Amino acid sequence: MWFRRDLRLHDNPALAGAAGGDGHVVPLFVIDPRVWDHASDIRRTYLVRSLTALDESLSGNLVVRHGDPRTVVAAVASESRADSVHIATDFGPYGPSRDAAVEATLGVPLVRTGSPYAVAPGRVTKGDGTAYRVYTPFYRAWVQHGWRSPAKSVPTDWVSLRSEGIPAASCPIDLPAAGEAAALACWQEFRSDGVRDYSDRRNRPDLAGTSMLGHHLKWGEIHPRTILADLGDSDGEEVFRKEIAWREFYADVCHQRPDSIRVSLDRRYDTDFPWATGPETDARFEAWTQGLTGFPVVDAGMRQLRETGWMHNRVRMIVASFLVKDLHIPWQRGAAHFMSLLRDGDIASNAHGWQWTAGCGTDASPYYRVFNPVTQGLKFDPDGDYVRTYIPELRHIAGKSVHEPWTLLDGYAHDYPERILDHAAERNEALARFSAMKEMN
DNA sequence: TTTTGAGTTGTTCGA
DNA sequence: GTCGAACAACTCAAA
120 MWFRRDLRLH DNPALAGAAG GDGHVVPLFV IDPRVWDHAS DIRRTYLVRS LTALDESLSG
180 NLVVRHGDPR TVVAAVASES RADSVHIATD FGPYGPSRDA AVEATLGVPL VRTGSPYAVA
240 PGRVTKGDGT AYRVYTPFYR AWVQHGWRSP AKSVPTDWVS LRSEGIPAAS CPIDLPAAGE
300 AAALACWQEF RSDGVRDYSD RRNRPDLAGT SMLGHHLKWG EIHPRTILAD LGDSDGEEVF
360 RKEIAWREFY ADVCHQRPDS IRVSLDRRYD TDFPWATGPE TDARFEAWTQ GLTGFPVVDA
420 GMRQLRETGW MHNRVRMIVA SFLVKDLHIP WQRGAAHFMS LLRDGDIASN AHGWQWTAGC
480 GTDASPYYRV FNPVTQGLKF DPDGDYVRTY IPELRHIAGK SVHEPWTLLD GYAHDYPERI
540 LDHAAERNEA LARFSAMKEM N
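Mind the numbering: the first sequence is residues 120 to 560 in the working numbering, read in order.
If you are wondering where the hints come from, they were derived from the structure by calculation, not from laboratory data.
From a predicted model like this one, the values you see are computed outputs, not experimental measurements.
Incorrect hints may have been included.
Dumping the calculated EDC-like pairs for lysine to aspartate or glutamate here, alpha-carbon to alpha-carbon at most 16 Å [claimed, not checked]:
| hint | residue 1 | residue 2 |
| --- | --- | --- |
| 1 | 557 | 391 |
| 2 | 498 | 325 |
| 3 | 361 | 349 |
Construct all of the structure, not just a fragment, from the sequences and the given hints.
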């Protein structure tokens, strides 16, 4: 069993397939330097902890090898005299070609069972067999298609083999608990407590209203099918099911259009849109990454990302709108920054969330939808608690006025920056640049 | 083939 | 303060 992004023992069809013969399984994880060397400290540290948890649940039998999977997997298969190698299908942008290359060097069958999705990308299509490009009809068809019940566990004897050990990694951030047990506990807690009020509370960054399952789903510590099997039909559960479906929709879009993780689906945004460039823009981008724009909710979000490796979804939209529509910087630059820091960063969801904000993706946000950082802050962080949590310079300001510190007396916060731009002016500028792109025809 | 209705997440302005 | 309209036109999905 070659584990990749399915670091769990329950509801794991590929593992059940591996154990299906005589129950003897060699559990393998490959540290691929081409991936490992480019991952952030946060992601490496989280992975190390998840692998440690997996190894414990395997009674210390996880075989970790370092190197190119094309040689490593074949070597382990040969050493252990395996008669097949089992994986879950990887639908990421790089996985399929790597797996095909491994398959070519492997002397035994590479068996693909299951995927990280309830419905594998490419399975839900329109009547004419082509992929959906609009979410709502996709969602209806996805529900209609349905998914299997959670897979049964199969008795397994773990076969010991030389392991090079889980590598070391650390980061200065306090990460949440990793591993399958933590993932299931996280889901059970959310299911019993949070999902009921999810439709209202999910938009509030000052409350713990979201599931916090993103990083668990990313590494397959829990399968979405496990979650869906538990979900009923209350408002909160329905909205949460739709969030699971968004993850699957964007995976499906990326399966059809792998280049869309870096190329705008509406190509005019890459070729005709007059994006801002130059040293001034670079300085503003830097201010954005550091949480020093002078707009409290934007800065709180960017600092939450930097300090915790996570940002609330509502705030992701606010800071993304700020980058694309107030700073006129291409979405790809923001997407890359997010991926470098997010502990739950999913390549498909990230790229298409950004494309939605920029207005160039599937179901794109209308061009005139420009988030007002003050209005959004007042609406979704009504007491200002979120801002004060991440911006110590503003902690002495009580209540919602923390969203507009410039309305207070002079010297309200001498160590918090002035606004780096005039939002109303940049909103008009964004609309003008959109018109300019259209004129290019 | 043609037609029709619909499309995650907003803001501003004027009555 | 509240509320509806305007903000483009287009593409998509399905009948």
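Just to be careful, I want the Cα atoms of residue 498 and residue 325 compared with a cutoff of 16 Å; is the pair within it?
OK: residue 498 and residue 325 at ~11 Å, within 16 Å.
Mind checking the alpha carbons of residue 557 and residue 391 for me, to see if they're no more than 16 Å apart?
holds (8 Å)
Given the hinted pair residue 361 and residue 349, is their alpha-carbon gap at most 16 Å?
holds (14 Å)
Checked against the numbered hints given earlier, the structure satisfies every one of them.
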